[in-house]
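Peer 1: Here's the letter readout for the chains.
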Amino acid sequence: MKNVDMREPTFMVLAALANGRKHGYALIGEAGELSNGRVKLKVGTLYAALDRLQSQGLVASAGEEVIDGRLRRYYELTDSGAMLLEDEVSRLEGNIRQAKARLRLRAAAGRVS
Amino acid sequence: MEQRYRRALLWYPRKWQRENADVVVSTLLDMADGAGRSAPRRSELLHLAMSGVAFRVGVFLSSAARDGISTIALGSGAMFAVAFFVVHTWSPWSPPDLRSGPNFQGFGPFVNAGLIIYALWVGAFLFGLVGMQRAVRGVMIVAVVAPTVLGLLNRLQSDIRFGPTSTTLAFFTLLALLVLVGTPRDVQRLSLVALATTVALLAVEVRIGVPASAFLDDRYFWHEAGSLFNVTSLVVIGLFVAIALGIARRGTWAQIVLGSLIPWAGVWCAAAIRVSYWDAFGFLCLLLATAAVSVAGVLAIRRSRETVPRDDWADQ
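Residue numbers (the numbering used here), protein chains in the order written: chain A, 1 to 113; chain B, 1 to 316.
Incorrect hints may have been included.
Derived pair list, reagent style SDA-like, types lysine to any residue, alpha-carbon separation capped at 25 Å [unchecked claim]:
#1 40(A) / 10(B)
#2 40(A) / 11(B)
#3 40(A) / 71(A)
#4 100(A) / 71(A)
#5 22(A) / 36(B)
#6 42(A) / 13(B)
#7 22(A) / 17(B)
#8 100(A) / 38(A)
#9 100(A) / 86(A)
Some chain A residues near chain B, calculated using beta-carbon distances under 8 Å [what the hints assert, rightly or not]:
#10 42
#11 70
#12 71
#13 72
#14 73
The hints are simulated quantities; they were obtained by calculation from the structure and are not laboratory data.
None of the values given here were measured: they were computed from a predicted structure.
Virtual Cβ for every residue (Gly too), placed ideally from N, Cα, C.
All chains should be built: construct the whole structure from the sequences, respecting the hints.
Peer 2: Rendered as structure tokens:
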């Protein structure tokens, strides 16, 4: 699946599900932790992303339970979702390597001049 | 609090509400508890409303189509704003006595207060060029409201002759709504749309007599360039192009063409009403029926051939 356009909220949702199933509230908290508080997923955005990821077969519903009168639905990463996340991580790592190499060249050029 | 959240979810389609409302409300209540709140935030309710509308739109339009429509609306709208400002609001080449009269108050050195709307568009375009999408969205929300306020103020002052005319105000309102449908994130396409619109507008303005004809208010632009014949031709050609694109399995482009025709459909209505109200109504019914059949056909073709699920539409 083409993943060059994966946006940050999508990445955060997939990454948050990488270590096990989670419900909506936990996903929002996990996305915040993963980004050091930078990404604050809104509820509307989260469930829109989950709907889309489910329709793409990247995320699946993993049961529901009622806690304190509130319905919680759990989500988990599918195998396709895990593969897509791995691809995206590799792509980002490649970008970081390239950027670091260029920064090193820049620093070296600065020392020469 | 729960009731207020449930009311906000009414913006979503009923089927979605049946399947998700309890889960989403629970998450919202968890969020409120976590933040120690006993009432929903206004921004939260607004975002739910916007997400609900986006979800409804997203059922019909892919993310790529919505971004394409948004890009065309921003690029073309900004250049229309520049042209309308220079030619129909400022008109520096026209003699000063042409811009005075008993029914005309002016707006500083300019002919009318259209400058306010046009400045918003130029600002949004510049934000779009540097990728500041939130700023674009914020300015466009103002640009949706501003024409209505300006139109009301004009009418209260009985200063409607020198506009901006209702057609201009409605045109820019529709364009602003289209910008908000998606995100104009492709800077190269945005620049291309702006360039193409500039070239087209230069040709049109020269054809209707600018600058030789001194001051021409925006009413003149719509009477000449936006005549019923011209706009009907444009809309009909656009519909045919959309149908052809749909048949050629270019569903996204078909949607972009159809969406981009919306402001012109508004101009068409205005032009038709100017000619004959009842004829316009008949034409409008015919056009709506044609458009509905065309859209249904395009969507049917697209869906029957659709193999790839729709991509991101909510990560904005």
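Peer 1: Give a verdict on every hint.
Peer 2: Hint check:
1. With a C-alpha separation of about 24 Å, the suggested pairing of residue 40(A) with residue 10(B) holds against the 25 Å cut-off.
2. Restraint check for residue 40(A) and residue 11(B): satisfied, since their Cα atoms lie roughly 22 Å apart, inside the 25 Å limit.
3. Of the pairs offered as hints, the one joining residue 40(A) and residue 71(A) holds, with about 22 Å between alpha carbons and a cut-off of 25 Å not exceeded.
4. Simply put, residue 100(A) and residue 71(A) have alpha-carbon atoms about 46 Å apart, too far for the 25 Å limit, and the pair is violated.
5. A hinted pair counts as satisfied when its Cα atoms are at most 25 Å apart, and residue 22(A) with residue 36(B) qualifies at roughly 22 Å.
6. With a C-alpha separation of about 19 Å, the suggested pair residue 42(A) and residue 13(B) falls inside the 25 Å cut-off, and the hint holds.
7. Distance restraint check for residue 22(A) and residue 17(B): the Cα-Cα separation of roughly 21 Å lies within the 25 Å cut-off, and the hinted pair is therefore satisfied.
8. The hinted pair formed by residue 100(A) and residue 38(A) meets the criterion: a straight-line CA distance of about 23 Å does not exceed 25 Å.
9. About 21 Å separates the Cα atoms of residue 100(A) and residue 86(A), which keeps this hinted pair within 25 Å; it holds.
10. Checking residue 42(A) against chain B: minimum C-beta separation of about 5 Å stays under 8 Å; hint holds.
11. A least Cβ separation of about 4 Å between residue 70(A) and chain B falls short of the 8 Å threshold, and the interface hint therefore holds.
12. Hint status for residue 71(A): holds, given a least beta-carbon distance of 4 Å to chain B, under 8 Å.
13. The criterion of a C-beta within 8 Å of any C-beta in chain B is met by residue 72(A), whose closest approach is roughly 6 Å, and the hint holds.
14. The restraint placing residue 73(A) at the interface with chain B holds, with a minimum CB-CB distance near 4 Å, inside the 8 Å limit.
In summary, the one numbered hint that this structure violates is 4.
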